[in-house]
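Engineer: Okay, here's what each chain looks like letter by letter:
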Amino acid sequence: MKPLYNPPETDKSKFAHPVEEAFARILDFYGLQWQYEPRTFPLQWDESGNVTEAFTPDFYLPEQDLYIELTTLRPQLSTMKNRKMRRMQELYPDIHLKLFKRREMRDLMVKFGLYDQAEKIQGTEAQEAIA
Amino acid sequence: MSAITVSRQLGSLGFEVAETAADLLGFRLVWRDVINQAGRIAGSPEAALAAIDDLGLLGICPSPEACLAYRQAVQQIMQELADQGNVVIIGRAGQQILSGWPEVLHVRVIAPRTLRIERVAVRQEISKESAFAQVEASDRRRRSYLKRFYNVQWDDPNLYDLVINTAHLTPRAAAQIIARTLFDPLFSSHEPASPRHETPLQSARN
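So the protein sequences, as listed, match chains C and L.
Each residue of the first sequence is one higher than the last, beginning at 213 in the working numbering.
Each residue of the second sequence is one higher than the last, beginning at 133 in the working numbering.
Keep in mind the hints are simulated off the structure, nothing from the lab.
Some hints here could point you the wrong way.
Calculated lysine to any residue pairs in the SDA-like style (CA-CA distance at most 20 Å, straight line) [said to hold, decoys possible]:
| id | chain 1 | residue 1 | chain 2 | residue 2 |
| --- | --- | --- | --- | --- |
| 1 | C | 313 | C | 228 |
| 2 | C | 323 | L | 254 |
| 3 | C | 310 | L | 172 |
| 4 | C | 323 | L | 199 |
| 5 | C | 310 | C | 263 |
| 6 | L | 260 | C | 319 |
| 7 | C | 310 | L | 260 |
Given the structure is predicted, the values throughout are model-derived calculations rather than measurements.
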């Protein structure tokens, strides 16, 4: 099954959510190459073969060949995402995909002096937006 | 044909020393390549990312099976690099994996903790408290990696042919010491061990 490709150019200033920008800064901190939402994977089709459901992981790390999806800790908000992750694994078993829960990052970002990034992860607005 | 492994502390300028040594000698510098290649060979990019996550910011915890496959791949890659020669390898327990290999110089780059904290604070434009936390976390993770998987103390000078303190040395000066040592006849004559001797990792696998 072939994924759809988004344009390879990434405008780093146009993240969908602040938490994604914060995560990108952590990747920059480690000097990791990354792409923002470079691929969309179809998950479901109608009888005519049209894509009715798709999944676009937030990041792709080309050097590690790893896709990353960021998520909230709220179970009720992550149910749909978990279902899509499972479907992804069924349809694209060779694709490496990792789910990150954002609260794990925040405390450490504060501790290590990445305050700007940590502030962006705080707040209900960001939490709901990323769900 | 020679190789150098460089173990370094965060804030010790170890990367700069390794880079300059590679430049002076015309050697290939290998750092993240080992990690990424091992992740691909092991089919576990997550383990590679965990290895890069020096401060534990990402909180990745790959399965024990993935970790073992990753470490075996690191060992294989590093031994191939040493066979090819003319390479400077940074980190990844090179001093242990290639321990006893002929014509491999094992270098450790250190600096006083207060200086390392200052360097990290200045470079990243962060407070000394945060820099201290980074240095602590980095030391802890690197020390724990060597202890857990190779049962050695990271800062044991017996693991190294050369320990360089950069408190009063520039990276270039340190790199020149490394280059001179590598081609010193006394070093070259060191007793070559079997390159295929069993490491703790291999023992664990058997």
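Engineer: Hinted pair, alpha-carbon criterion (20 Å max): residue 310 (chain C), residue 172 (chain L). Please report holds or violated.
Structural biologist: holds, 15 Å
Engineer: Take a quick look at whether residue 323 (chain C) and residue 199 (chain L) sit within 20 Å of each other, Cα to Cα.
Structural biologist: violated, 27 Å
Engineer: CA of residue 313 (chain C) to CA of residue 228 (chain C), is that 20 Å or under?
Structural biologist: Roughly 17 Å between the alpha carbons, so the hint for residue 313 (chain C) and residue 228 (chain C) holds.
Engineer: Is residue 310 (chain C) close enough to residue 260 (chain L), meaning Cα to Cα at most 20 Å?
Structural biologist: violated, 33 Å
Engineer: Need the status of pair residue 310 (chain C), residue 263 (chain C): alpha-carbon distance at most 20 Å?
Structural biologist: This hinted pair is violated, its Cα atoms lying about 24 Å apart.
Engineer: What's the verdict on residue 323 (chain C) and residue 254 (chain L), does the C-alpha distance respect the 20 Å limit or exceed it?
Structural biologist: holds, 17 Å
Engineer: Verify the proposed pairing of residue 260 (chain L) with residue 319 (chain C), using a straight-line Cα cut of 20 Å.
Structural biologist: Within the cut-off at roughly 18 Å; holds.
Hint compliance for this structure: hints 4, 5, 7 are not met, and every other hint is.
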